[in-house]
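Protein chains: 2
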Amino acid sequence: MSTTPKPTPSELKILKFLWQHGPSTVREVHEGIGVSAGHSYTTTLKQMQIMHGKSLLVRDDSQRAHVFQPAVGEEPTQRAMLDDFMDRVYEGSASQLVLQALGTSRPASSEELEAIEQLVQRLRSESDGESEA
Amino acid sequence: MSTTPKPTPSELKILKFLWQHGPSTVREVHEGIGVSAGHSYTTTLKQMQIMHGKSLLVRDDSQRAHVFQPAVGEEPTQRAMLDDFMDRVYEGSASQLVLQALGTSRPASSEELEAIEQLVQRLRSESDGESEA
DNA sequence: GCAGCACTACGAAATAATTCGTTGCAGCCG
DNA sequence: CGGCTGCAACGAATTATTTCGTAGTGCTGC
Numbered sequence: 009m010s011t012t013p014k015p016t017p018s019e020l021k022i023l024k025f026l027w028q029h030g031p032s033t034v035r036e037v038h039e040g041i042g043v044s045a046g047h048s049y050t051t052t053l054k055q056m057q058i059m060h061g062k063s064l065l066v067r068d069d070s071q072r073a074h075v076f077q078p079a080v081g082e083e084p085t086q087r088a089m090l091d092d093f094m095d096r097v098y099e100g101s102a103s104q105l106v107l108q109a110l111g112t113s114r115p116a117s118s119e120e121l122e123a124i125e126q127l128v129q130r131l132r133s134e135s136d137g138e139s140e141a
Numbered sequence: 009m010s011t012t013p014k015p016t017p018s019e020l021k022i023l024k025f026l027w028q029h030g031p032s033t034v035r036e037v038h039e040g041i042g043v044s045a046g047h048s049y050t051t052t053l054k055q056m057q058i059m060h061g062k063s064l065l066v067r068d069d070s071q072r073a074h075v076f077q078p079a080v081g082e083e084p085t086q087r088a089m090l091d092d093f094m095d096r097v098y099e100g101s102a103s104q105l106v107l108q109a110l111g112t113s114r115p116a117s118s119e120e121l122e123a124i125e126q127l128v129q130r131l132r133s134e135s136d137g138e139s140e141a
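Each protein sequence line maps, in turn, to chains V and E. Following the numbering used here, the numbering of the first sequence begins with 9 at its first residue and continues without gaps. Following the numbering used here, the numbering of the second sequence begins with 9 at its first residue and continues without gaps.
Misleading hints may appear alongside valid ones.
Any copy will do: because identical chains look the same in the list, a pair fits if it lies in one copy or spans two.
[What the hints assert, rightly or not] Lysine-lysine pairs mimicking DSSO-like chemistry, simulated, CA-CA at most 30 Å apart:
hint, residue 1, residue 2
1, Lys24, Lys14
2, Lys62, Lys24
3, Lys21, Lys62
4, Lys54, Lys14
5, Lys54, Lys24
6, Lys62, Lys14
Worth flagging that the hints you see were computed from the coordinates, not collected in a lab.
Using the sequences and the hints given, assemble the complete structure.
Shown next as C-alpha cells:
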C-alpha cells in the first residue's frame, strides 16, 4: 500500500525542510520557509495538517507545540517522483532524460562529471553479457 | 514573454501525439489517445481548445475540421519541464538527478550508456580550463 | 429542399491544491 | 483570579485541472 506518494510542490518544500533540519514544530518550519514565501502562519500549519492526514508526516503531540517529522525518506520520494516524471516526459527512457539533463545550461562540475562517469562505467561492466530484454 | 510553458500531464499527452504525428484534427488526436483513455470526444476537444487559448497549439481553421499543431517544440518543452523539476526536487543539481536516474530499476541499455559516456567525456574536455562564471 | 452527421463552441460540475480568517483552548504573568 | 499570548483546528474562498452534456452550424446524400 505504501506506494511512496508524490508530494505536491509546496508539500515538497516542507519535506525538504524537515529532511534537512530534523523534527520541527510548525513554527520552526514556518520561520524557515513560510515567512520568506510571504505566507501566513496558518497556511504552513494547514499544509502540515493536510500532510499529516495524508500520512506524509508523523506527529508527536505530547508537547503543546506538536513536533513533526517526515514519514517518508528523501531518496524514495525523489525516486518515485523521478520515475513518474521520466514516464510522463521521456516515455520512461532514463538515457533520454540524462542526456538532456547534462545538456542543460547549468552543467555539472568536473567532480560531478567524474562521479557520473564512474557510475556509467560500473553500469557498463555490470551489464556485460546479461542485458537485452 | 515566451517562457516556454509547463504543460499539465494531459496537455503533455496531446503535445506528444502532435509532435509524433504532425498536424492533426481533434478527431485524429482523440482516436489516437482519447479513446483508449476512455474519454469522450468533447473532452479531447475541450482540452485542445484550452491549449489553443494558452497558445500551446496553433490552429488552422480554414477547413471544417480544424487542424492543430504544437506551438512549442518538443525539446524546449522537455527542457523547461526538466529545469523546473530539477530545481524543485534536486535543488537544481543536474548531477544529483543524473546519478539517481541511472540508478533506476530500469536502467539504460549498453548503447545508451555509451552515448551518455561520450557526452560526459565531451563535457569534461570542454570544461577543461574555462571554469565557473 | 431536408434529414442527418460531423464538428466546434459554451457552460458547468467534480476534484485537487493553495491560502487565510476565525475560533477555541492551554498555560503563564501579574 | 483575569487576561494575554501562542498554538491547533475548522471552515471557507480561490484558482487550476479534468471531464462532459448540450447546443448551434455547416455539408452531404437523397
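Right, here's what the structure says about each hint:
1. Lys24 x Lys14: both (13 Å within a copy, 23 Å between copies)
2. Lys62 x Lys24: within (17 Å within a copy, 32 Å between copies)
3. Lys21 x Lys62: both (16 Å within a copy, 28 Å between copies)
4. Lys54 x Lys14: Cα proximity of Lys54 and Lys14: in one copy and across copies (18 Å, 27 Å).
5. Lys54 x Lys24: Only inside one copy: Lys54 and Lys24 sit 17 Å apart there, 37 Å across copies, limit 30 Å.
6. Lys62 x Lys14: both (11 Å within a copy, 26 Å between copies)
Violation of the numbered hints given earlier is absent; every hint is satisfied by the structure.
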